Amino acid sequence: MADLRIDFAGIKSGNPFWLASGPPTNTGYQVQRAFEAGWGGAVWKTLGEPVINVTSRFSGMHYGSQRVAGFNNIELITDRPLEINLQEIEETKVNYPDHTIIASLMVEPKREKWHEIVKKVEAAGVDGLELNFGCPHGMAERGMGAASGQVPELVEKQTCWAKEAAETPVIVKLTPNITDITATAYAASQGGADAISMINTINSLMGVDLDTWNTIPNVAGKGTHGGYCGPAVKPIALSMVAECARDPDISVPISGIGGIENWRDAAEFMLMGASCVQICTAAMHHGFRIVEDLIDGLNNYLDSKGIASVMDLVGQSVPKYMSWGDLDLNHKRVARINLDQCIHCNKCYIACEDAAHQCIEWFVDAKGKRALKVREEDCVGCNLCSIVCPAEGAIHMIDQPGEFPMTWNERQHLIHTIGG
Amino acid sequence: MNASAATDLWKVFDEIHPDLKPKQVMEEANRCLFCFDAPCTKACPTGIDVPSFIRKIATGNLKGSARVIMEANPMGATCARVCPTEELCEGACVLGEASLPVMIGDLQKHATNWAMKNHPQLFEAGKPSGREIAIVGAGPAGLSAARQLARFGHQVTIYEKREKPGGLDTYGIVPFRLPQKVALWEADQVEQLGVMIKTGIAVGRDISADFIQTHFDAVMLAVGMADVPDLGIPGEELDGVFSALELIEKVKDGQVTDRFMGRTAIVVGAGNTAIDAATTLKRLGATRVQMIYRRTESEMTAYPAEYRFAKEDGITCSWLTQPKKVIGDTAGRVTGVECARMRLGKPDGSGRRRPIEIENSNFLLEADIFVKAIGQGRHTSLIDAFRLKHDHGIVSVDARTFQTSDPNVFAAGDVTFGNGSGEATVVAAAQQGKLAALAIHRQLMSRV
Numbered sequence: 000m001a002d003l004r005i006d007f008a009g010i011k012s013g014n015p016f017w018l019a020s021g022p023p024t025n026t027g028y029q030v031q032r033a034f035e036a037g038w039g040g041a042v043w044k045t046l047g048e049p050v051i052n053v054t055s056r057f058s059g060m061h062y063g064s065q066r067v068a069g070f071n072n073i074e075l076i077t078d079r080p081l082e083i084n085l086q087e088i089e090e091t092k093v094n095y096p097d098h099t100i101i102a103s104l105m106v107e108p109k110r111e112k113w114h115e116i117v118k119k120v121e122a123a124g125v126d127g128l129e130l131n132f133g134c135p136h137g138m139a140e141r142g143m144g145a146a147s148g149q150v151p152e153l154v155e156k157q158t159c160w161a162k163e164a165a166e167t168p169v170i171v172k173l174t175p176n177i178t179d180i181t182a183t184a185y186a187a188s189q190g191g192a193d194a195i196s197m198i199n200t201i202n203s204l205m206g207v208d209l210d211t212w213n214t215i216p217n218v219a220g221k222g223t224h225g226g227y228c229g230p231a232v233k234p235i236a237l238s239m240v241a242e243c244a245r246d247p248d249i250s251v252p253i254s255g256i257g258g259i260e261n262w263r264d265a266a267e268f269m270l271m272g273a274s275c276v277q278i279c280t281a282a283m284h285h286g287f288r289i290v291e292d293l294i295d296g297l298n299n300y301l302d303s304k305g306i307a308s309v310m311d312l313v314g315q316s317v318p319k320y321m322s323w324g325d326l327d328l329n330h331k332r333v334a335r336i337n338l339d340q341c342i343h344c345n346k347c348y349i350a351c352e353d354a355a356h357q358c359i360e361w362f363v364d365a366k367g368k369r370a371l372k373v374r375e376e377d378c379v380g381c382n383l384c385s386i387v388c389p390a391e392g393a394i395h396m397i398d399q400p401g402e403f404p405m406t407w408n409e410r411q412h413l414i415h416t417i418g419g
Numbered sequence: 000m001n002a003s004a005a006t007d008l009w010k011v012f013d014e015i016h017p018d019l020k021p022k023q024v025m026e027e028a029n030r031c032l033f034c035f036d037a038p039c040t041k042a043c044p045t046g047i048d049v050p051s052f053i054r055k056i057a058t059g060n061l062k063g064s065a066r067v068i069m070e071a072n073p074m075g076a077t078c079a080r081v082c083p084t085e086e087l088c089e090g091a092c093v094l095g096e097a098s099l100p101v102m103i104g105d106l107q108k109h110a111t112n113w114a115m116k117n118h119p120q121l122f123e124a125g126k127p128s129g130r131e132i133a134i135v136g137a138g139p140a141g142l143s144a145a146r147q148l149a150r151f152g153h154q155v156t157i158y159e160k161r162e163k164p165g166g167l168d169t170y171g172i173v174p175f176r177l178p179q180k181v182a183l184w185e186a187d188q189v190e191q192l193g194v195m196i197k198t199g200i201a202v203g204r205d206i207s208a209d210f211i212q213t214h215f216d217a218v219m220l221a222v223g224m225a226d227v228p229d230l231g232i233p234g235e236e237l238d239g240v241f242s243a244l245e246l247i248e249k250v251k252d253g254q255v256t257d258r259f260m261g262r263t264a265i266v267v268g269a270g271n272t273a274i275d276a277a278t279t280l281k282r283l284g285a286t287r288v289q290m291i292y293r294r295t296e297s298e299m300t301a302y303p304a305e306y307r308f309a310k311e312d313g314i315t316c317s318w319l320t321q322p323k324k325v326i327g328d329t330a331g332r333v334t335g336v337e338c339a340r341m342r343l344g345k346p347d348g349s350g351r352r353r354p355i356e357i358e359n360s361n362f363l364l365e366a367d368i369f370v371k372a373i374g375q376g377r378h379t380s381l382i383d384a385f386r387l388k389h390d391h392g393i394v395s396v397d398a399r400t401f402q403t404s405d406p407n408v409f410a411a412g413d414v415t416f417g418n419g420s421g422e423a424t425v426v427a428a429a430q431q432g433k434l435a436a437l438a439i440h441r442q443l444m445s446r447v
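Chains A and B are the protein sequences, given in the same order.
Just so we're aligned: 35 in numbering that gives the first Met the number 0 is position 36 of the first sequence, and the numbers increase by one with no gaps anywhere.
Just so we're aligned: 223 in numbering that gives the first Met the number 0 is position 224 of the second sequence, and the numbers increase by one with no gaps anywhere.
I should point out that these hints are in silico values taken from the structure, not numbers from a laboratory.
Computed from a predicted model, the values in this text were never measured in an experiment.
Keep in mind that the hints are not guaranteed to be accurate.
No more than 20 angstroms apart at the CA atoms, straight line, and that leaves these computed lysine to aspartate or glutamate pairs for EDC-like [what the hints assert, rightly or not]: (1) 41/B / 312/B; (2) 22/B / 339/A; (3) 22/B / 391/A; (4) 116/B / 302/A.
Modelling step: build the complete structure from the supplied sequences, incorporating the hints.
Shown next, in the form of structure tokens:
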């Protein structure tokens, strides 16, 4: 059994799995159920001036026969009185002293507002604070959430204000609705953030009903953009975590959020630099019980790799993530079709023919049967055929390292040197 | 028979139901809805958390998946193959109505196959309690109880009269449904927890019941049932009369014979063992195999899937047929069976309609082989040696404590099965073993 305990910016937690701020962490009842199920921590649904929420609020993106490949919401922060939330936080912390409770906070960008709420939630006994600079809908129209999270100066200033009053670690949760997330991540760290978390949800409109022409979801026939999350956003979140993790100017710990559904996703985020992960949509889809396999699966994975502590995973893949200009131009990779596994759907053929480099061709095998093979000298190793292939092991991508590796950056440097 | 012919013959005993292919595994695992309070779990006699083990397959946590299965059912690999899944988990699958049930049995087989291949240590023995328990019989009930007792920290010794552990899983279910190595792997999992399995030791022959009763803190009787009883008709001593279990046991143990090549066989009985015997005879080269049963298709006890399988094998059935006499030639070899026609009367004690012989309806069925598969007898003398109360060899037990008339002797599995209570299935025996172990543990720990 590996050690799953983590130390995240000084916050000690029994495991790296925290419930992200959202509907599952709305009440003490829910958070206590989650702790019973095994979650290491929970980020309480965002506290601030109570709001009025609308119905309906959620919609799902179903892909083929799979439900909830993506998820969208137009729910705002907590609509319950602050005092009730604080009372429940205190009670939960008393009942579960070894579990991590983080208060997610969102107030107007005013110094005294931040001071006030930070003091109140810390008095309730939270282990840390997460500043919500990310919600893309509703609150942003009032100058909060993503609206302040998209302006690096506002991020820095508000982080600073929170830090002035805070005695527990301050995590800044970033919005992905921005061109370069390292700009706001850097601003947060300049403002004194102890850690950053990402991503919040992405601007989205789930769909339009073709019979009523209403948006999905809609409130009395009218809709607005919401925040997108769930498995579909994982690659976006992962790249943003990786960008921050490899940036030497951003040296604070990262909590990874976005489309994490199982232990594999969690391990990927940790390898890419996250030292804890937060999960919401998967818990909404399946319930808190998913944490059992998150823990069990990660444990078995670490054991199988001979890794004693989950913290040893953190950041292992970051050195492998770099700028395009640092990739080897002389490396060759080609596709190879394994006819033993091929089911002859010809999807690779048409994909290569119409959308890639026309290097898969027909031949007649020894038994007189038509089959496909790759003309390797023309293959650019784009992976398209192996991506569309539905048969396990029918197309292998074979690496053929070049004799003299050279990156674009090295090449340009060489040209300049010779040229100069 | 020469060696290569024997090898060819052996091939027909390979497991008939193919493993799922990797793509099928992922498709099926991802089709599971991961229901909450799932009906499949409720339908499983051992309560396997089916959605959990399937989700673990989907996330690539095969070790965790196998552990979930084996935790609930120490015979999880066997049950993946022999359980009537269409009546249990798969029959309860909520997707059955909407599309097709998830192939739970096949996924269970996939996860346990992984464990068999990769040898992970799935369980640990508990902290030694200093208590010693003897179990008589290393079948599903005995092994299941031993596994649990070892996890509670008790030292367990199993006495098994056969050469290998596993009971009917090892000897009584045809290899093309359940390869012997599966049952032996399950026994090995139990041994790895420090359980001593003393094979080749028959209680009453090599060791006395008294010795066991005086040398252990508790005793559990899990001896199952005995061989197929005689029909009590003339001609049973003839050459060509076999017990179904004896036939299956030989094949299961790898002893293939050409004795049945080209023969005509009759199997009497209509349970799963009768079907196992009939399909085995087909594989051993019998040209014509007919099952005879004194009731009708609706009363037969074989699982529908097994019956379908027999029909696919070309086995025919003669319903409302009762054997009266086995006929032999001068050399004492079977040449046929004299049978009587039956009709169904009013329901009897078992709730099934009682078969009544039609007068003057006797007729002859020609056959060289006559196989008896009319259920199993009882280990009455062994039960008597332990001085336990029983009803015709069915040990009386308290349903909650699993205690027999001797409070220090517990019993579970087929030895307690009968008189309309419970089911004589591997899965039921595994569950009873588990529950009996808990009852024994509680009893031992409550003693001062």
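Evaluation of the provided hints:
1. Using a Cα cut-off of 20 angstroms, the hinted pair residue 41/B and residue 312/B is violated, with the two alpha carbons roughly 34 angstroms apart.
2. Between residue 22/B and residue 339/A the CA atoms are separated by roughly 15 angstroms; this keeps the pair inside 20 angstroms, and the hint holds.
3. Note on residue 22/B and residue 391/A: the hinted pairing holds, with a Cα-Cα distance of about 6 angstroms set against a maximum of 20 angstroms.
4. Among the hinted pairs, residue 116/B with residue 302/A is consistent with the structure: their alpha-carbon atoms are about 18 angstroms apart, no more than 20 angstroms.
The structure fails hint 1 only (numbered hints given earlier).
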